[in-house]
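The task is simple: from the sequences and hints, build the whole structure.
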Amino acid sequence: MEPFTLQLANGGTVTGLANLPAASPTTTPRFKPLMVGLHGASYSSAYFDVDAKHTAALASDGLGVPWVAVDRPGYKGSTSFYPIPEQSSYHEVLGEWLHRYILPAVWQAFGEPRGCNSMVLLCHSLGAPGAVVAAALLARDDGEAKDAGNPPGYYPLSGIVASGFGTQASGGGNSSSGGNNDNRAHVPIPSNKEKEPEDDPELITFPAEVKDTMMLPAGTCDDAVYAHTARLNEPFPARERDDALPEAAFARRFRTHWAPLVRVPVMVAVAERDPWWEADDEHTSHLAALFAASRKVEARVIPGAPHNLEMSHWAQAWYARCFGFGMECAVGFALAG
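Throughout the sequence shown, residue numbering follows the UniProt record's numbering, covering 1 to 337 in sequence.
No lab work stands behind these hints, which were simulated from the structure alone. Quick caveat: nothing in here was measured; it's all calculated off a predicted structure. Note that the Cβ used here is the ideal one computed from N, Cα and C, for glycine as well. There's no promise every hint is true.
Label pairs and their in silico Cβ distance ranges [what the hints assert, rightly or not]:
(1) Asp61 - Gln7: 26 to 32 Å
(2) Arg140 - Pro83: 20 to 26 Å
(3) Ala22 - Pro85: 39 to 45 Å
(4) Asp61 - His286: 35 to 41 Å
(5) Arg252 - Glu298: 23 to 29 Å
(6) His286 - Gly324: 21 to 27 Å
(7) Thr27 - Ala208: 39 to 45 Å
(8) Asp222 - Arg255: 33 to 39 Å
(9) Arg252 - Glu112: 35 to 41 Å
(10) Asp222 - Arg252: 35 to 41 Å
(11) Asp223 - Thr27: 34 to 40 Å
Within a straight-line C-alpha distance of at most 27 Å, the following computed DSS-like cross-link-like pairs (lysine-lysine) qualify [what the hints assert, rightly or not]:
(12) Lys211 - Lys76
(13) Lys53 - Lys76
(14) Lys53 - Lys211
Written as structure tokens, this is what we have:
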């Protein structure tokens with residue numbers, strides 16, 4: 001993948017990686033999405049381009065669908081949005097930046113020039129809640145944008161894919177037992193105390209050996225993948241983690257306000273060996289029910305899989321499914337007018 005830097009309308013910067021296959025008159029789909037990756041906490045856009053086997057570029061090249069992975073604000077060269085307003089949360093500010101600045105800039109730079117008809121977000125872990133907030137804000141603003149003839153700031157979102165995020169925390173997080181999820185015993189779950197406004201984020205860095213145990217327990221990936229842990233590891237804001245806890249104020253707003261506003265199709269996957277989220281049909285059914293206004297919702301457990309699907313034995317299958325869903329969203333978006 002090739003690195004890029006974009007200037008945002010608010011004066012900030014967003015960096016990332018792009019894979020832009022040449023269009024083919026015989027094989028490129030008539031309606032193609034711009035697939036946009038949003039990484040989770042402690043990673044960057046490089047999460048989606050680990051090595052020759054574990055990369056979104058394989059599906060992108062094979063299907064002729066453009067791919068862009070952004071470094072979320074505060075990661076790598078992307079401008080931070082701190083401080084967070086007192087009554088807001090990390091994920092709500094992230095969602096606002098995605099909606100107002102980042103996704104419009106990405107669409108104008110990569111979507112329109114490549115002949116894409118819409119955008120689909122592929123979110124990993126804590127990249128997901130901000131994407132849902134952005135989609136909810138877009139649903140609120142979409143009528144005005146269409147009436148104005150797609151003004152600056154517009155982006156045609158047609159779907160969301162998410163894994164590694166949920167609403168029901170695993171009971172193993174504070175326990176020494178985790179059933180089949182032995183890695184859950186190592187997961188730090190902090191208390192959810194009230195957060196004061198801060199000019200600079202309190203940063204956390206996972207030790208590599210702890211991160212491997214949580215994200216990719218033994219047997220779920222090629223041994224060679226572990227060699228990339230240190231290179232991919234990034235410090236991340238404590239607020240990013242704390243505001244996503246099920247008992248946090250934002251998490252309640254996510255369930256009752258933001259998710260119910262989303263209108264685009266949604267596909268959600270919970271990995272069976274995820275250390276943070278319950279991996280059962282009750283949880284996936286609850287997740288699906290939150291998106292009451294969505295035109296289509298798919299939610300399921302992936303048996304045996306770890307939190308980091310994109311780095312695991314499931315990587316190519318998962319990317320194939322995500323790009324397939326994205327292409328389906330693009331066709332539906334086109335035919336819906």
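Hints versus structure:
Roughly 28 Å separates the CB atoms of aspartate 61 and glutamine 7, a value that falls within the hinted 26 to 32 Å. Checked against the hint of 20 to 26 Å, the pair arginine 140 and proline 83 passes, with Cβ atoms roughly 25 Å apart. For alanine 22 and proline 85, the Cβ-Cβ distance of about 44 Å falls inside the hinted range of 39 to 45 Å, so the restraint holds. Taken as a hint, the range 35 to 41 Å holds for the pair aspartate 61 and histidine 286, whose Cβ atoms sit roughly 37 Å apart.
In this structure the supplied range 23 to 29 Å holds for arginine 252 paired with glutamate 298, their Cβ-Cβ distance being about 25 Å. The supplied range of 21 to 27 Å is met by histidine 286 and glycine 324, whose beta-carbon atoms lie about 25 Å from each other. The beta-carbon spacing between threonine 27 and alanine 208, approximately 41 Å, falls within the hinted interval of 39 to 45 Å. Aspartate 222 and arginine 255 have their C-beta atoms about 36 Å apart, which keeps the hinted 33 to 39 Å range intact.
Remark: the range hint 35 to 41 Å for arginine 252 to glutamate 112 is upheld by a beta-carbon distance near 37 Å. In this structure the hint that aspartate 222 and arginine 252 lie 35 to 41 Å apart at CB holds, the actual value being about 39 Å. A beta carbon spacing of about 35 Å between aspartate 223 and threonine 27 agrees with the range 34 to 40 Å that was offered as a hint. Between the alpha carbons of lysine 211 and lysine 76 the distance comes to roughly 19 Å, so the proposed pair stays at or under 27 Å and holds.
Using a Cα cut-off of 27 Å, the hinted pair lysine 53 and lysine 76 holds, with the two alpha carbons roughly 23 Å apart. Taking the CA atoms of lysine 53 and lysine 211, the gap is about 21 Å. The hint holds against a cut of 27 Å.
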